[in-house]
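*Asks:* Each chain is listed here by its residues.
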Amino acid sequence: MKKNFALTLIILFLIFSPQTTAFSQSLSSSELIKNAKQYDGKIVIYSGEVIGDVMLRGEFAWVNINDGQNALGVWMSAALAKEIKFTGNYKSRGDRLEMVGVFHRACLEHGGDLDIHAQSLRKIGNGRIVKEKLNFDKTSLSLILLGALSLIWILTLFKHK
Amino acid sequence: MILKPRLEDLKIIGFYLGKIILGLALTMAIPILIALCFGEINPALDFFISIEISVLLGLLLIKICQTDRDLNWMQGMVVISLSWVVAMMLGAIPLYLSGHYKVFLDACFETMSGFTTTGLSLVQDLDHLSYAHNLWRHLGPFIGGQGIAIIALSFLLKGTSGAFKMYVGEGRDEKLLPNVINTARFIWLISITYLIMGTLALGIAGICIGIKPINSFFHGACVFMAGFDTAGFAPQSQNILYYHSLTFEIITIVIMIVGSLNFNFHYQLWIGKRKEIFKNIESRTFFISIMLTFFIVAIGLNQLGVYPQAIALFRKGFFQLISAHTTTGYMTVYAQQFITEWGNLALFGLICAMALGGCICSTAGGIKMLRVGVICKAMKEDLKRIIMPERAIVIEKFHHIKEIFLEDKLVRSALTITLAYIVMYGLGALVGMFYGYPFLEALFESTSAAANVGLSCGITSTTMPAVLKVTYIIQMWAGRLEFMSVFTILGFLFASIEGK
Chain A
0 MKKNFALTLI ILFLIFSPQT TAFSQSLSSS ELIKNAKQYD GKIVIYSGEV
50 IGDVMLRGEF AWVNINDGQN ALGVWMSAAL AKEIKFTGNY KSRGDRLEMV
100 GVFHRACLEH GGDLDIHAQS LRKIGNGRIV KEKLNFDKTS LSLILLGALS
150 LIWILTLFKH K
Chain B
0 MILKPRLEDL KIIGFYLGKI ILGLALTMAI PILIALCFGE INPALDFFIS
50 IEISVLLGLL LIKICQTDRD LNWMQGMVVI SLSWVVAMML GAIPLYLSGH
100 YKVFLDACFE TMSGFTTTGL SLVQDLDHLS YAHNLWRHLG PFIGGQGIAI
150 IALSFLLKGT SGAFKMYVGE GRDEKLLPNV INTARFIWLI SITYLIMGTL
200 ALGIAGICIG IKPINSFFHG ACVFMAGFDT AGFAPQSQNI LYYHSLTFEI
250 ITIVIMIVGS LNFNFHYQLW IGKRKEIFKN IESRTFFISI MLTFFIVAIG
300 LNQLGVYPQA IALFRKGFFQ LISAHTTTGY MTVYAQQFIT EWGNLALFGL
350 ICAMALGGCI CSTAGGIKML RVGVICKAMK EDLKRIIMPE RAIVIEKFHH
400 IKEIFLEDKL VRSALTITLA YIVMYGLGAL VGMFYGYPFL EALFESTSAA
450 ANVGLSCGIT STTMPAVLKV TYIIQMWAGR LEFMSVFTIL GFLFASIEGK
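Going line by line, the protein sequences match chains A and B. Numbering (numbering that gives the first Met the number 0) for the first sequence: 0 to 160. Numbering (numbering that gives the first Met the number 0) for the second sequence: 0 to 499.
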């Protein structure tokens, strides 16, 4: 509760702060990439699923977040990254995060990468392990084909005899 | 008089095609092993089904077309052309079964893109793709880069003179060793040695940048296979940008350059002739061409102030340029950024680099450096003829493994292939423009497909028209086989209809 209250305060501060322009609505990755010049250096809200690995780099970490259109690299403190429990891959859905941070079209600190430097984040959905069930149709098809192959093999044996 | 192909021709073609299909089925066992290691049940089934279909088709063709006759030139070329189309369809089965492709055509596009070492992708939700399917995407370039026929030559065919025809049919005309089967095996030896070295280098770099060890070596193997074979696939949707690492990018640049060099260079280095790399017309042309095209890209980026620092400009510009010139297609920018930020001049530089391509007898596509070098030498010779007295005898030589005299036959061959590539780049752009894409974007994507590069400015997507997908598939196929096999199959079809 305290965390959410603090995050709301930060967002309100950033929105009404006189120095920087902030965008109060969550922006999509496509919107950010397409209009990168417009959002460059601005504070933005971006949300999506954590995918791949959380790559720790000293006191910071790279986290790639996919909003369903593209994945964007988010640079955050290692302390913030600790909140991530699940990352998206074949066997799991990653945590869904909403973050507030500064968007860079060509980041000076990171060799010209298009990225977001997160200032705060909030978990808006928990990740989970995806349980894999055996696909019945695929199993049946595979057995039918195996039967056909065996038939050819037997016919070949007869032909040789 | 055009002769209609006889039943015997079809039988020979079917028999060798069957053998190649069996070779392809063999390679599908690797993703099954990976699926079992990572406990991926359904992906293992996808590959099991694909192997069964492939073995069934391969065995049927071998049994029906049983023959002990060897291939002639026409049959060899037709076998190669068809084997790439059949490999595309069979290789697409496990991908389509994964559920990550909207329609079967998209999976075919992905497979052809992989086998031809292009790297254009239509996969959906790549970040949740299984290890097994992801490995198959990257194994495709490794198989296709070395050549689908090379597998058959290395493991399934023994001592056949038809082997050489299939080897040439895959766009290679240089033998490293006197025997073509030994050449094929040597190509595998080089590739597997580099695979081990590259996977180790990328794997260790991956661990250092915070990737879990198993993932790191898996990514290392995938990125190496797609980098060395100049394909440009990556295990994550952000391509190389996913890693956010200069070290990773530098290692990838080295792999891309090594992969785009002539296998003959590797052989010369292998036997200790290191000077060859400095003397050879191809390596010299490659170096000059990289410098010139990078100059264009850098000016374009600088004019528009795309990157605030020279270091960032160099890091982004040089990576993309090397990726384009080696025809790999790895990206550290988003596809849309080429259009929204890079500007026309930088794009023009990239298109030139893509069109020129890497070295012959490598996994790279495009016109290729030896041809560019030969054409430049021919122009120099013609200029000399104009300047020098009429009675003067002008002789031009160049070094490519040995000293070679510049003959008209050589120049004509280089110009014919160059012209064919240029026409294909243009035709693809025309189809793109027909569907409403601007000229530069359509040309960029068409060149990328035909030169087997894989860089995209955003046209390649699941929503693009089916005709455009088919156009790019044909471009990738014809570009990889360097036209000869494709012309032969067209001739074969024509003879089947019109012949007597």
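What the hints contain is simulated information worked out from the structure, not anything from laboratory work. Take the hints with a grain of salt, since some may be wrong.
Rough simulated footprint, nothing fancy, chain B against chain A, three-plus residues with beta-carbon under 8 Å [as the list claims (entries may be wrong)]: (1) 39-53; (2) 119-127; (3) 132-143; (4) 146-156.
Using C-beta positions, here's what the derived DEER-type ranges look like [unchecked claim]: (5) B:Leu32 <-> A:Ile151: 21 to 29 Å; (6) B:Ile206 <-> A:Ile123: 49 to 57 Å; (7) A:Asp39 <-> B:Gly38: 40 to 48 Å; (8) B:Pro4 <-> A:Ser27: 27 to 35 Å; (9) A:Lys132 <-> B:Leu303: 51 to 59 Å; (10) A:Gln37 <-> B:Cys36: 43 to 51 Å; (11) A:Lys36 <-> B:Met432: 48 to 56 Å.
Among the chain B residues that face chain A by a calculated CB cut under 8 Å, a handful are [unchecked claim]: (12) Leu9; (13) Lys10; (14) Leu35; (15) Glu39; (16) Leu44; (17) Glu51; (18) Ala200; (19) Ile203; (20) Asn214; (21) Gln235; (22) Gln237; (23) Arg314.
Please read these numbers as outputs of a predicted model, since none were measured by experiment. We put the CB at the ideal spot given by N, CA and C, even for glycine.
*Asks:* Now tell me if each hint is right for this structure.
*Replies:* Here is how each hint holds up against the structure:
Requiring three or more residues with a Cβ within less than 8 Å of a Cβ of chain B, the coverage given for the region 39-53 of chain A holds, as 4 such residues are present. Remark: the region 119-127 of chain A is not confirmed as covered by chain B, as 0 of its residues place a Cβ nearer than 8 Å to a Cβ of that chain, below the required three. Under a criterion of three residues with beta carbons nearer than 8 Å to beta carbons of chain B, the stated coverage of the region 132-143 of chain A is upheld, 6 such residues being counted. Counting residues of the region 146-156 of chain A whose CB lies closer than 8 Å to any CB of chain B gives 4, so the stated coverage by that chain holds, three being the minimum.
With their beta carbons about 25 Å apart, Leu32 (chain B) and Ile151 (chain A) fall inside the hinted range of 21 to 29 Å. Range check, Ile206 (chain B) to Ile123 (chain A): about 31 Å between beta-carbon atoms, so the 49 to 57 Å window is missed. Look at Asp39 (chain A) against Gly38 (chain B): about 44 Å separates their beta carbons, and that is inside 40 to 48 Å. For Pro4 (chain B) and Ser27 (chain A), the Cβ-Cβ distance of about 55 Å falls outside the hinted range of 27 to 35 Å, so the restraint is violated.
The hint said 51 to 59 Å for the Cβ distance between Lys132 (chain A) and Leu303 (chain B), and at roughly 52 Å that hint holds. Checked against the hint of 43 to 51 Å, the C-beta distance between Gln37 (chain A) and Cys36 (chain B) comes to roughly 47 Å, which is consistent with it. Range check, Lys36 (chain A) to Met432 (chain B): Cβ separation about 27 Å, and the 48 to 56 Å hint is violated. A hinted interface residue such as Leu9 (chain B) counts as satisfied when its beta carbon comes closer than 8 Å to some beta carbon of chain A; here the least separation is about 21 Å, so the hint is violated.
Interface hint status for Lys10 (chain B): violated, as the beta-carbon distance to the closest one in chain A is roughly 17 Å, over 8 Å. Annotation: Leu35 (chain B) was flagged as interfacial toward chain A, and the flag is violated, the nearest CB pair being 13 Å apart, outside 8 Å. For Glu39 (chain B), the shortest C-beta to C-beta distance to chain A is roughly 7 Å, which falls under 8 Å, so the interface hint holds. Because the smallest distance between the Cβ of Leu44 (chain B) and any Cβ of chain A comes to about 4 Å, under 8 Å, the interface hint for this residue holds.
With a cut of 8 Å, the hint placing Glu51 (chain B) at the interface with chain A holds, because the nearest CB-to-CB distance is about 4 Å. With a cut of 8 Å, the hint placing Ala200 (chain B) at the interface with chain A is violated, because the nearest CB-to-CB distance is about 18 Å. About 15 Å separates the beta-carbon of Ile203 (chain B) from the nearest beta-carbon of chain A, more than 8 Å, and the hint is not met. Taking 8 Å as the C-beta contact cut-off toward chain A, the hint placing Asn214 (chain B) at the interface holds, the least distance being around 6 Å.
A distance limit of 8 Å between C-beta atoms decides the matter here; for Gln235 (chain B) the minimum to chain A is near 6 Å, and the interface restraint holds. For the restraint placing Gln237 (chain B) at the interface with chain A, the shortest Cβ-Cβ distance is roughly 5 Å, inside the 8 Å limit, so the hint holds. A distance limit of 8 Å between C-beta atoms decides the matter here; for Arg314 (chain B) the minimum to chain A is near 5 Å, and the interface restraint holds.
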